[in-house]
Structure formats: structure tokens, C-alpha cells
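Okay, here's what each chain looks like letter by letter:
2 protein chains.
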Amino acid sequence: MPNTTFEKSEKRIEILSVSDLDFENFSGLLPVIAQEHGSGRILMLAYANLEAVRKTQETGYAHYWSRSRKTLWKKGATSGHVQQITEVLVDCDKDTLLYKVIQTGPACHTGAKSCFYRKLHFETIEN
Amino acid sequence: MPNTTFEKSEKRIEILSVSDLDFENFSGLLPVIAQEHGSGRILMLAYANLEAVRKTQETGYAHYWSRSRKTLWKKGATSGHVQQITEVLVDCDKDTLLYKVIQTGPACHTGAKSCFYRKLHFETIEN
Chain A
1 MPNTTFEKSE KRIEILSVSD LDFENFSGLL PVIAQEHGSG RILMLAYANL
51 EAVRKTQETG YAHYWSRSRK TLWKKGATSG HVQQITEVLV DCDKDTLLYK
101 VIQTGPACHT GAKSCFYRKL HFETIEN
Chain B
1 MPNTTFEKSE KRIEILSVSD LDFENFSGLL PVIAQEHGSG RILMLAYANL
51 EAVRKTQETG YAHYWSRSRK TLWKKGATSG HVQQITEVLV DCDKDTLLYK
101 VIQTGPACHT GAKSCFYRKL HFETIEN
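Residue numbers (my numbering), protein chains in the order written: chain A, 1 to 127; chain B, 1 to 127.
Just so you know, these hints were derived from the structure itself, not from any lab. Check before you lean on any hint, since a few could be wrong.
It does not matter which identical chain is used: a pair holds within one copy or between any two.
Each computed DSBU-like pair below joins lysine-lysine, with the alpha-carbon atoms no more than 30 Å apart [to be verified]:
hint: 1; residue 1: K55; residue 2: K94
hint: 2; residue 1: K94; residue 2: K70
hint: 3; residue 1: K70; residue 2: K113
hint: 4; residue 1: K55; residue 2: K70
hint: 5; residue 1: K55; residue 2: K119
hint: 6; residue 1: K74; residue 2: K94
hint: 7; residue 1: K119; residue 2: K74
Predicted, not measured: the structure shown is a model, and the values here were computed from it.
Make the full structure from the sequences, and use the hints.
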């Protein structure tokens with residue numbers, strides 16, 4: 001499919017369709033970074049298969065593939081901590097997605113706002 | 001190894017060591033999100049094995065595992081577009097890293113500042 005482009009800020013942004021994505025790595029899964037709209041805070045990383053990306057497009061809410069439960073997963077379906085999509089970006093290799101989202105409640109199953117609440121010990125910084 | 005904690009803002013942050021990380025998924029590789037210090041912009045996603053994480057700790061510069069070249073890779077070693085680490089965060093499952101970095105030059109091999117310069121077509125937003 002030919003890509004369309006538009007101007008945003010100073011640079012051209014390509015618009016891709018789902019069929020442009022490269023699902024070859026990791027048995028049909030793409031890593032998906034969820035970033036909070038506005039704050040830029042990184043909330044979590046999960047995985048999406050083709051069906052999850054399509055459901056995300058259709059509904060406007062973040063869907064993923066649960067590797068542990070082996071099922072399509074609407075984020076917040078049981079907890080209510082849904083992620084409303086504001087845009088989906090694709091990387092240069094077309095094998096990673098970035099969901100920009102409006103997060104309801106905490107993103108992490110532990111109750112933390114973000115799943116990234118731990119630091120790696122780092123000699124040059126900690127000492 | 002017992003974890004140490006300290007107060008940062010209102011919440012406790014656990015400090016992990018490399019031996020706490022879970023390298024079981026994806027044949028010993030962890031996905032690593034690189035986020036620009038200050039702006040919060042997401043620059044790229046790459047992968048790290050144990051050696052890459054250790055080199056990152058030792059040198060203070062982002063190292064990854066190149067899946068295509070099957071080799072340890074210091075980001076910017078040839079281009080000069082290095083990533084100086086300000087902190088490394090770990091997610092709740094201990095299987096994803098977040099490098100916060102000071103990026104020299106563009107992060108993407110295409111010359112773009114960020115690898116996420118494409119958008120996925122999205123009916124509810126584009127139309």
C-alpha cells in the first residue's frame with residue numbers, strides 16, 4: 001500500500017497501515033511501549049499481535065497479547081484501568097509500536113502508576 | 001541479593017542488581033527503551049543481553065545486543081551518536097529496561113532524532 005504523508009512540525013511523518021508492520025520477530029508479536037500523553041512518562045511495555053493492533057485501531061483503547069494467558073487482552077478490562085489511545089507511532093524497522101495513551105488509574109498491576117518503579121544499581125550514579 | 005530502597009518523590013524505589021533481572025524470555029535478551037533525559041522523548045527500542053547491561057553499567061554509555069549482527073554493540077561507536085546514561089529503570093516483571101539517556105546527535109540510523117517517526121493509520125483520529 002502506498003504511504004501518505006503530511007507535515008507535522010518541521011518534518012514529514014509517514015502514515016502506515018497495519019499491513020506494513022513486520023510481525024516476523026518473536027513469533028508474531030511486536031513490543032509495544034505505552035507512554036502517557038502529556039507527561040511523556042513511560043507506563044509499561046507489553047506485546048501485540050495483529051489482532052491486538054486491529055482491536056486497538058477499531059476501539060481506540062489499548063489491546064495487547066498476553067504471553068502468559070495466551071489471549072487477546074484489553075488493558076483494564078477487569079480493573080477499569082483502561083488506556084485511551086491518542087496516537088500510535090511505529091519505529092524505523094516497523095517492528096515496534098508506541099501507544100500514546102490517556103491512562104485511567106495506575107498502569108501497573110502492582111498499583112504503581114508506571115511499571116518502571118525500580119532502578120538498576122549503577123556505580124557511576126549511585127556512589 | 002537483598003534490595004535496598006530510598007525515597008524519591010513520594011514513593012519507594014527499589015534498587016536492583018543485574019543478577020535480579022529475568023533474561024529467560026527471548027533467548028537471553030531484554031527489550032530496552034531509550035528515553036531522552038529531560039524531554040521524555042522515546043528515541044528507540046533495542047535489546048540487551050547480560051553482557052550489554054554490564055557494559056552499560058561499567059562505562060556509563062548505552063550498550064545493546066545487535067540481533068542482526070549478533071554482536072555486542074555500543075550505540076554510536078561508529079557514528080559518534082552515543083547515549084550517556086543518566087539512570088536505568090527496571091519494570092515490575094524485571095524483564096524490560098528503560099535507559100534514560102543524553103543523546104548525542106540523532107538516535108535513528110536514518111538520521112531522524114527518534115526511530116518513532118511514523119504513525120499508524122487510525123480511523124478514529126485521522127478521519
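Hints, one by one, checked against the model:
1. In this homomeric assembly, K55 and K94 come within 30 Å of each other (Cα to Cα) both inside a single copy, at 18 Å, and across copies, at 28 Å.
2. Taking the shortest Cα distances, K94 and K70 sit within 30 Å of each other both inside one copy (23 Å) and across copies (20 Å).
3. Taking CA atoms no more than 30 Å apart as the test, K70 paired with K113 passes inside one copy only; the shortest distance there is 25 Å, against 35 Å between copies.
4. When the C-alpha separation of K55 and K70 is checked against a cutoff of 30 Å, the pair qualifies only within one copy, where the shortest distance is 16 Å, while the shortest distance between copies is 34 Å.
5. With identical chains, the CA atoms of K55 and K119 are at most 30 Å apart between copies only, with a shortest distance of 17 Å across copies and 33 Å within one.
6. Both within a single protomer and between protomers do K74 and K94 lie at most 30 Å apart by alpha-carbon distance, with minima of 22 Å and 22 Å respectively.
7. Within a single copy, K119 and K74 get their C-alpha atoms as close as 28 Å, and across copies as close as 21 Å, so both meet the 30 Å cut-off.
When held up to the earlier numbered hints, the structure conflicts with none and fits them all.
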